[in-house]
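> Taken in sequence, the protein lines are chains X and Z. Residue numbers for the first sequence follow the working numbering, beginning at 1 and rising by one. Residue numbers for the second sequence follow the working numbering, beginning at 1 and rising by one.
Source of the hints: derived by calculation from the structure; they are not laboratory data. Just so you know, not all the hints are guaranteed correct.
[To be verified] Reference listing, derived: stretches of chain X covered by chain Z, where coverage requires no fewer than 3 residues with Cβ under 8 angstroms from a Cβ of chain Z:
1. 51-59
2. 192-203
[Claimed, not checked] Below are the SDA-like pairs computed for lysine to any residue, each with C-alpha atoms no more than 20 angstroms apart in a straight line:
3. Z:Lys58 with Z:Ile77
4. Z:Lys115 with Z:Lys43
5. X:Lys97 with X:Ser86
6. Z:Lys36 with X:Pro50
7. Z:Lys43 with X:Gly195
8. Z:Lys36 with X:Gly195
9. Z:Lys36 with Z:Thr49
10. Z:Lys43 with Z:Ile23
11. X:Lys54 with Z:Ser140
12. X:Lys181 with Z:Ser18
13. X:Lys54 with Z:Pro136
14. Z:Lys36 with X:Ser86
Since this is a predicted model, take the numbers as computed values, not measurements. Where a beta carbon is used, it is the ideal one built from N, C-alpha and C, also for glycine.
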Amino acid sequence: MNDDKNYIQLIYRLIVIVISFGFLTIIWPYISSVITMLIFAFLFTTILLPLVDKLESKINSRGISIVIVTISLITTFVVFLKSFASGMLSQARDFSKQIGTKGYDDNLNSLATKLESYLNKYINFPEIDSSNFVSRINIMVGEIIQNLMSLAGAIGGFVFTTIMVLIFTIILLSNYHGFKKSIVQFIPNKYFEMGLRVIFNIERQVSKYLQGQLLAASSVALMSFIGLSILNFMGANLTLVVFIAIIAGLANLIPLVGPFAGMLPAILVAIMNNIGSDIAINHQIINTIPSPFYILDIIIMFLIVQQIDNNIVTPILVGESVGIHPLIVMISLLIGGTLIGPIGMLLAVPAAGILKVIGVEIMFLRRNAHLL
Amino acid sequence: MKNAYWKNIFTNWGKKESENVTIIKKIPIFANLNHKELEEVSKLLHDRTYKPDEYIFKRHAPGEGMFIIHSGIVNIIVGEASGNSQLLAELSNGDFFGEMALMEDEVRSAAALAKDHSRLLGFFRPDLEALIEINPSLGSKILQNLSKVVCTRLRKTNDLLMENQLVKKKKA
Chain X
1 MNDDKNYIQL IYRLIVIVIS FGFLTIIWPY ISSVITMLIF AFLFTTILLP LVDKLESKIN
61 SRGISIVIVT ISLITTFVVF LKSFASGMLS QARDFSKQIG TKGYDDNLNS LATKLESYLN
121 KYINFPEIDS SNFVSRINIM VGEIIQNLMS LAGAIGGFVF TTIMVLIFTI ILLSNYHGFK
181 KSIVQFIPNK YFEMGLRVIF NIERQVSKYL QGQLLAASSV ALMSFIGLSI LNFMGANLTL
241 VVFIAIIAGL ANLIPLVGPF AGMLPAILVA IMNNIGSDIA INHQIINTIP SPFYILDIII
301 MFLIVQQIDN NIVTPILVGE SVGIHPLIVM ISLLIGGTLI GPIGMLLAVP AAGILKVIGV
361 EIMFLRRNAH LL
Chain Z
1 MKNAYWKNIF TNWGKKESEN VTIIKKIPIF ANLNHKELEE VSKLLHDRTY KPDEYIFKRH
61 APGEGMFIIH SGIVNIIVGE ASGNSQLLAE LSNGDFFGEM ALMEDEVRSA AALAKDHSRL
121 LGFFRPDLEA LIEINPSLGS KILQNLSKVV CTRLRKTNDL LMENQLVKKK KA
């Protein structure tokens, strides 16, 4: 009789799970953007919460603490964006001036010919037609201008999402402990301490992971800045060094792909600044390995930074905060990337950490059901 | 309008002492804490209600923190509920139990069972740990009080042990 009851209960649960999953699949396209915003707001809240709590205990007002933290954050972001935009603008102005200079076409075509000869010297590439190089670039520039309109739309969407995330973060920060208590309130007495344990462990896991990652990103930014400065000392003529370093640090937050994405701005700036410079085009590492525009130098510098970060900084700062096997990390990154792109990759590791915490507690519960 | 604005800013001024603060200020673990600190602690408390004969926690279950009795009666027992259980203490309003879990991530040494409709306030280790990080002076005050409570209990246990040994010797 009891077995029959359990069997019916199991079927009932399965039906409920299938219906819930189906319902979620139908409504997912409508709620996915809100859910993503909420996840980001939760992540920002986790990072800023200790700061707000600390300030609150000093000035005895949560509202004022949130205002101070939010204004500081927005100011830093705006100052960074403004300096970055003005830096990019002057960079673009210089580049357009360079394009306007007489003989630029010749410079660019000679660069293409040189590149072709370099490449052919070391690798057997099929024939590269360098005569049309400038006209091809012109077509590309036209396409870029065409895409600017869609970019403006994307920027509008980004601004809206940023404002919404900010609002959600402020709401979460002001009522975080209240929200947590409300969630805890729903846990039945039987599972109360176990539920609390799961919530605290998830909180700890996410917070440790984020703080560790932010520290690791800061260290990558600092090391990249030092590395780029050394390259400049060697004559690489790189500008926007601080921003390139910060972008490299931020890109580092996305595992596996990020470090490579962080190199791109540095390579682009190196090409833009050194176009037409024979010294840069003919540059060789230790007078043997050709590295036009210091590209190889930049790649090697970033690889060294990555090695220091992966083998020394991250193990110390992040440690075993998540404690997941590297294989599981890779699988979760692939799943996250396939599901929601780069954002999915960013969230994949903490999500795997949360699932691990829940899994461990469920296993414990199954083993010790008599203690409930 | 202006009045409401100032009221909102100075929201904590002239506020009446909350019910939870009135209860926890009598608990030795929160002794010598000022009003602001008591308010800060009271924000971390979890309000729970238990029916008669409902377990608050069982023996050997992982412990996360302590409970303060707001109202009702709680029995602290060792052994199984059915049969050979032994009542260690009967606690009522203003009493507290499970404080050892605030200091160590260990299993409960005894079970706690609500004898009557009971309202309890829970104070848990992760919250205490967060409090120590955010407000170290308040955290250290609580830890100091906690160690005093544990020392007092240890001294009482020692006295009981000695009394027991004396009785045994006399009987022998």
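> So, for every hint listed, does it hold in this structure?
Verification of the supplied hints:
{"no.": "1", "hint": "51-59", "in the structure": "holds (count 3)"}
{"no.": "2", "hint": "192-203", "in the structure": "holds (count 7)"}
{"no.": "3", "hint": "Z:Lys58 with Z:Ile77", "in the structure": "9 angstroms, holds"}
{"no.": "4", "hint": "Z:Lys115 with Z:Lys43", "in the structure": "27 angstroms, violated"}
{"no.": "5", "hint": "X:Lys97 with X:Ser86", "in the structure": "16 angstroms, holds"}
{"no.": "6", "hint": "Z:Lys36 with X:Pro50", "in the structure": "19 angstroms, holds"}
{"no.": "7", "hint": "Z:Lys43 with X:Gly195", "in the structure": "19 angstroms, holds"}
{"no.": "8", "hint": "Z:Lys36 with X:Gly195", "in the structure": "29 angstroms, violated"}
{"no.": "9", "hint": "Z:Lys36 with Z:Thr49", "in the structure": "26 angstroms, violated"}
{"no.": "10", "hint": "Z:Lys43 with Z:Ile23", "in the structure": "13 angstroms, holds"}
{"no.": "11", "hint": "X:Lys54 with Z:Ser140", "in the structure": "15 angstroms, holds"}
{"no.": "12", "hint": "X:Lys181 with Z:Ser18", "in the structure": "17 angstroms, holds"}
{"no.": "13", "hint": "X:Lys54 with Z:Pro136", "in the structure": "10 angstroms, holds"}
{"no.": "14", "hint": "Z:Lys36 with X:Ser86", "in the structure": "48 angstroms, violated"}
Violated hints, in rising order: 4, 8, 9 and 14; the structure is consistent with all others.
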